[in-house]
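Student: Same order as they appear, the protein sequences are chains A and B.
FYI, the numbering for the first sequence is 1 to 90, going by our numbering.
FYI, the numbering for the second sequence is 1 to 250, going by our numbering.
It cannot be assumed that every hint is accurate.
Coverage of chain B stretches by chain A, computed from C-beta distances (three or more under 8 Å per stretch; other residues unrestricted) [claimed, not checked]:
1. 53-66
2. 94-107
From the derived model, a few chain B residues whose C-beta atoms are all more than 12 Å from chain A [said to hold, decoys possible]:
3. Pro10
4. Arg16
5. Asp17
6. Arg20
7. Glu23
8. Leu24
9. Gly26
10. Gln36
11. Ser38
12. Gly79
13. Arg113
14. Gly161
15. Arg189
16. Asp219
17. Glu236
If you're looking for bench data, these hints aren't it; they were derived computationally from the structure.
By construction, the Cβ of each residue, glycine as well, lies at the ideal position given by its N, Cα and C atoms.
Listed here are the chains, written in short residue letters.
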Amino acid sequence: MSEYRFAVNVLPKPGILDPQGRAVEGSLGHLGVEGVSGVRVGRRVELTVEAGTEVEARATVERLAQELFSNPLIEAYAIEWVDIHAGVAG
Amino acid sequence: MTRIGVVVFPGSNCDRDTLRGLELAGADAVPLWHEQASLDGVAAVVLPGGFAYGDYLRAGVIARFSPVMRAVSAFAADGGLVLGICNGFQVLAEAGLVPGALLRNRGLRFLGRDVRIAAERLDTPFTSLVGDGRPLQMPIAHGEGCYFADEATLDELERDGQVLFRYVDADGRRAGNDGDPANPNGSLRAIAGVLNARGNVAGLMPHPERASDLLLGSDDGLPILRSLVEAAARAERPAAGAEPELVGAR
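Next up, chain B with everything else stripped away, as it sits in the complex (with noise of 0.2 Å):
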């Protein structure tokens, strides 16, 4: 079975629901703590949502100097894959390991409530089972989520591909900007998630691992969290047809 880490900082709340969704979409889920070097061998890694380090200072800062983001850096480079949940997103950001950053909520309020996004692209390691870009219903649970990047970056994230998710209304449709209420947070563009330009590293505001199960109110969640198991059971495995090359190369 595949093992992905589900990163575990002092402040994180929502790691033990990821590891549960993870499962559920068929990984060995483990924790990695904050404070560990090593990915001890996992084929992805999670960062969960919560208030790493009491959010002091910035969301997700103190999180991007401690010893397992080091790895998790070093492991994205060479092509690992990283998916941040709400303030795991705002950590990734914090590193750079994601385009932009997230400011506090257009309406000041941190937003507990569910929302709806859309996958605008279905061929990546975090969205190919999402099926046909219908929207997805999941919680939202922050208060610095709008998502933020200068004019120019946000031309080139929609250029390369590398908008992952944007909030939508009931029917689908992209939600407008500030007051719409199908954009909880003001977010520019509507954009709920992105993509770094290698397309390994994903971030999102909303929480897939809270509706992973029809008992939470919506498991379209899950195909999110499939989506990552099944592309790092790929990345795991060589490639059916390159091991015979490799025995006869022995």
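Just chain A, with the same shape it has in the complex (with noise of 0.2 Å):
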């Protein structure tokens, strides 16, 4: 068995609406920044997994994905995979 490490992120889906995402957008112009459009936000899950294989560990996280880190009538998600050891050698 190896660990593996995966980071599911999570954002509303094109065309609903996200007041977050507007609020964020609205208050760039206090700071003085122009030119940034489609703010959207959302969150992001990471998670390690202990499974044989990288395939089993990464159908564990679509499972996860899928029931409960996103809401599939609203939200979309993208899995990423993690590098465990980068942290460590830096």
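With the hints in hand, could you dock these two chains into one complex?
Tutor: Written as structure tokens, this is what we have:
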């Protein structure tokens, strides 16, 4: 068994109103920043899965992303592999 | 007396008010702990308002996986009456027991104030005693109450009579969309409450239990609770006409 670390990035689906994103975008003018658009606010969940292979681990993450981390009616997700050793080596 | 269960999740905060409201509506109301796998034989279940599991991740989603919700899902699949109020509505939506989802309020703020809703259907277990579809005044208290479903689903809900309550103004006119103060959270088509396809599970964002006594400023919510209690009592007892036949069959 090995440990695999993933991140699940969840965002409101295109077309779903994102009032947080809208509020953030609206505040940019106060920072004196112009030319920024399409701000969307979501969430990121990181997790470590113990499994025989990365394919198995990814299947578990896929299931969790669909059933728990996102609501498929309103949110889309993307799974990203995280290098566990990157931080240690640095 | 008809027993109705009120589920208590960690973070529920309207369970007491709901128990009291149901008692005023004539029920024997009992709490059901979120870790129990049985519903103790109650005739109907109410999921109360609050912040189950701190609303972490998304309002209602963690509560959905609690042991009691497995029992509630089975009860609903069997035709049992289930009502979700506010956070309870969010739990039902996350569990897929009612259609749609509740998004962050359009104005981003948590809203705690009185609103008016009107029943679209007067022939359901949740609205049979509401009367004539007049505006009902009761409080909302939520941050994620903006009802959402895609356009095709909304059309289906309207066609199949699954829109149970809509936000209305003081004169009973259906609220508009974004920007109309009568539609507090920007809900699509001003939807404040929906039914499942079978008609035995309903959710609404406003709080009928907080408007169940004139001392609270309104008792417009009481007929909703009374409707549920009466329907639960009917479901509990076999219809009077059916009894002799059953006796004869033995």
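Student: Now look at each hint and say whether the structure bears it out.
Tutor: Okay, the hints, checked on the actual structure:
1. 53-66: That given contact holds, which follows from 4 residues of the stretch 53-66 of chain B lying within Cβ reach (below 8 Å) of chain A.
2. 94-107: holds (count 8)
3. Pro10: Per Cβ check, Pro10/B is outside 12 Å of chain A; nearest 17 Å; holds.
4. Arg16: Arg16/B clear of chain A: closest Cβ-Cβ about 29 Å, beyond 12 Å.
5. Asp17: Its Cβ never comes within 12 Å of chain A, the nearest being 28 Å, so this holds.
6. Arg20: holds, 32 Å
7. Glu23: holds, 35 Å
8. Leu24: It holds; Leu24/B is separated from chain A by about 35 Å at its closest Cβ, greater than 12 Å.
9. Gly26: Label holds. Min Cβ-Cβ 37 Å, cutoff 12 Å.
10. Gln36: holds, 22 Å
11. Ser38: Holds, because the least Cβ-Cβ distance between Ser38/B and chain A comes to about 24 Å, which exceeds 12 Å.
12. Gly79: holds, 25 Å
13. Arg113: holds, 18 Å
14. Gly161: holds, 21 Å
15. Arg189: holds, 14 Å
16. Asp219: Correct as stated: the minimum Cβ-Cβ distance to chain A is 34 Å, above 12 Å.
17. Glu236: holds, 34 Å
The structure shown violates none of the earlier numbered hints.
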